[in-house]
Amino acid sequence: MTPTEESRVPSSDKPITVSPAGAELQNRFTLLGPFKMLLNPIAQLINTIMDLIGLISVALAASKLLLEKKRRGIFMALFYRQIYNTGVRALYINGAVGVLIGTLLISRLFDYIPKQVMEEQFGYLFMVIVFRELGPLISGVILIARSATSITAEIGYLRLRREFQVLNGLGISPVFLFLLPVFFAFPLSLLLMFIYFDLVVFLSSYAMIWLADPNADFFALLSAILNQISLNEIAINGLKAVLGGMMIGVISIHFGAKVENSFTEVSDAISNSTTTQLMVFFVINILLSILAYTQ
Amino acid sequence: MTGALILENLHIEYPETVLFDRLNVQFPAGSLIGIETDVLDGATSLLKGIGGMLNDIDGRSILNGCNILTMSATERAGKVGFVYEEQGLISLYDVFQNIALPLEFHTDLTFAQTSALIHTTIEALNMPSALLQMQPHELNDVQTRLVNLARALVVSPELLLIDELEGGMPDEMIDSTMKLLKNKARQHNMTVLLTSSNEHVLREVDQVLKIQSNQLVESPV
Chain C
572 MTPTEESRVP SSDKPITVSP AGAELQNRFT LLGPFKMLLN PIAQLINTIM
622 DLIGLISVAL AASKLLLEKK RRGIFMALFY RQIYNTGVRA LYINGAVGVL
672 IGTLLISRLF DYIPKQVMEE QFGYLFMVIV FRELGPLISG VILIARSATS
722 ITAEIGYLRL RREFQVLNGL GISPVFLFLL PVFFAFPLSL LLMFIYFDLV
772 VFLSSYAMIW LADPNADFFA LLSAILNQIS LNEIAINGLK AVLGGMMIGV
822 ISIHFGAKVE NSFTEVSDAI SNSTTTQLMV FFVINILLSI LAYTQ
Chain R
44 MTGALILENL HIEYPETVLF DRLNVQFPAG SLIGIETDVL DGATSLLKGI
94 GGMLNDIDGR SILNGCNILT MSATERAGKV GFVYEEQGLI SLYDVFQNIA
144 LPLEFHTDLT FAQTSALIHT TIEALNMPSA LLQMQPHELN DVQTRLVNLA
194 RALVVSPELL LIDELEGGMP DEMIDSTMKL LKNKARQHNM TVLLTSSNEH
244 VLREVDQVLK IQSNQLVESP V
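Protein sequence lines correspond, in order, to chains C and R. End of the first sequence sits at 866 in our numbering; the numbers just go up one at a time, nothing left out. End of the second sequence sits at 264 in our numbering; the numbers just go up one at a time, nothing left out.
Hints are computed from structural coordinates only; laboratory data are not their basis. Mixed in with the good hints there might be a few duds.
[Stated by the list, open to error] Taking lysine-lysine pairs in the DSS-like style, the calculated list, with each CA pair at most 30 angstroms apart, reads:
1. R:Lys91 - C:Lys829
2. R:Lys225 - R:Lys91
3. C:Lys686 - C:Lys829
4. R:Lys222 - R:Lys91
5. R:Lys122 - R:Lys222
6. R:Lys91 - C:Lys641
7. C:Lys635 - R:Lys122
8. R:Lys91 - C:Lys635
9. C:Lys640 - R:Lys253
10. C:Lys641 - R:Lys227
11. C:Lys641 - R:Lys122
12. R:Lys253 - R:Lys225
13. R:Lys222 - R:Lys253
[Stated by the list, open to error] Residues from chain R that keep clear of chain C, each with C-beta distances beyond 10 angstroms, as calculated:
14. Glu59
15. Asp81
16. Thr117
[Unchecked claim] To give an idea of the interface, some chain R residues facing chain C are shown, with a C-beta separation under 10 angstroms as derived from the structure:
17. Glu118
18. Gly121
19. Leu144
Note that the structure is a prediction, hence the values are computed from the model and not measured. All residues carry an ideal CB built from backbone N, CA and C; glycine is no exception.
The whole structure should be built from the sequences, with the hints applied where relevant.
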């Protein structure tokens, strides 16, 4: 049909075309619309959970390649790179936040605790507030903001450049090269960040206490904290680092690997993965704290 | 049928598009085969299909008696090399590491042996050794394809699949590269299948085919 012929067709006879956005709008007003709107996010959540479980299984299965010396060499180079980028280079920001918490929050306890019970109470409060909760939470948030976002972007970029396909062509699993180093480095990095954060908070809070009272005994405060930290506390913190770090890493890979064709998918992947990581990490921390510390 | 590479009922199909309909072709070992290519005619998909790099594919791609499509990834990596038209390098690694990667992963060669092999290969390709320290993003298109070729050649594959190697190359470079490929093919009984739209390249190969009506047919070039 030429444009002239088309203009002669009565408007009521013209075929109605519906844009994809219009089709979705129409769909929402059908009877099934509300159910679909409710079911779609649930289906997506189930899919994501299944994908994450799949990724963890694949990572564990690929770990057997580490038994071979040459392949272990390839892995270790990437693992060290990841530990350096995640666990070491993040220390300055972890330290800066630790100093702020130590100087502004923990040292203030000094003003409210009677001197006679200072050491005992300081040790207890430090353990409950910093060691149990703030250390893991703040370190996890820093890991997500600083490293997990860059892993998601990196994986998305590698997907855009079809580098997964190249590796498959070379007979090398992308899981081995891209997932395994993150899978193992993130928990270890998170553990390093916990320890470093606790140390910095203690040192900076002591510095503030010392400024107010130059007679404050460093070793007495330190041993008061160490006395409070049982094996159980260490095990729970270790579990938070292992589960939290592993999940943060796997979620980054999951969303990064969903990128297919467009650069805008990379920003979507970062946004979605950060949201999911924050939710999952907070849930893991709160659940473990409730399970371990509820009397 | 005898021959180094035999395609048996090879069928490549994307949703609503049949690219290759039950191809039955054979290529002798040690030969250079050119596939005259045009825009979006599916030649890259054909190479990937033959090399076992596509999922939705039917039929068999038999290399010296073994079906590439059912080989394990490791086995395939030792027998089939692929040279990409663009990119194809791993951006985590520099050029040396990119070329060394399949050797490091799949063989027991020492670092010294791997290094010697890489230096010999890049010398044969007239590439400066300074290139080895460069990152993939620092290379131009021609250098990227040559690094792809070097990485494929170091494993001495039985089948080498090359996707439009010549873009941007001066004629002398095309001549020397084709001569090298011909020598390697003859010496190692390696079958080389390359796509090209360049007559200069197609004149250097043993047989030229073109894609017509979802089939591979002899080309008059």
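Tested hints:
no. : hint                : result
1   : R:Lys91 - C:Lys829  : 22 angstroms, holds
2   : R:Lys225 - R:Lys91  : 22 angstroms, holds
3   : C:Lys686 - C:Lys829 : 57 angstroms, violated
4   : R:Lys222 - R:Lys91  : 24 angstroms, holds
5   : R:Lys122 - R:Lys222 : 22 angstroms, holds
6   : R:Lys91 - C:Lys641  : 28 angstroms, holds
7   : C:Lys635 - R:Lys122 : 24 angstroms, holds
8   : R:Lys91 - C:Lys635  : 29 angstroms, holds
9   : C:Lys640 - R:Lys253 : 46 angstroms, violated
10  : C:Lys641 - R:Lys227 : 28 angstroms, holds
11  : C:Lys641 - R:Lys122 : 20 angstroms, holds
12  : R:Lys253 - R:Lys225 : 20 angstroms, holds
13  : R:Lys222 - R:Lys253 : 22 angstroms, holds
14  : Glu59               : 18 angstroms, holds
15  : Asp81               : 22 angstroms, holds
16  : Thr117              : 5 angstroms, violated
17  : Glu118              : 8 angstroms, holds
18  : Gly121              : 7 angstroms, holds
19  : Leu144              : 6 angstroms, holds
Consistency with the previously given hints fails for numbers 3, 9 and 16, ordered from lowest to highest.
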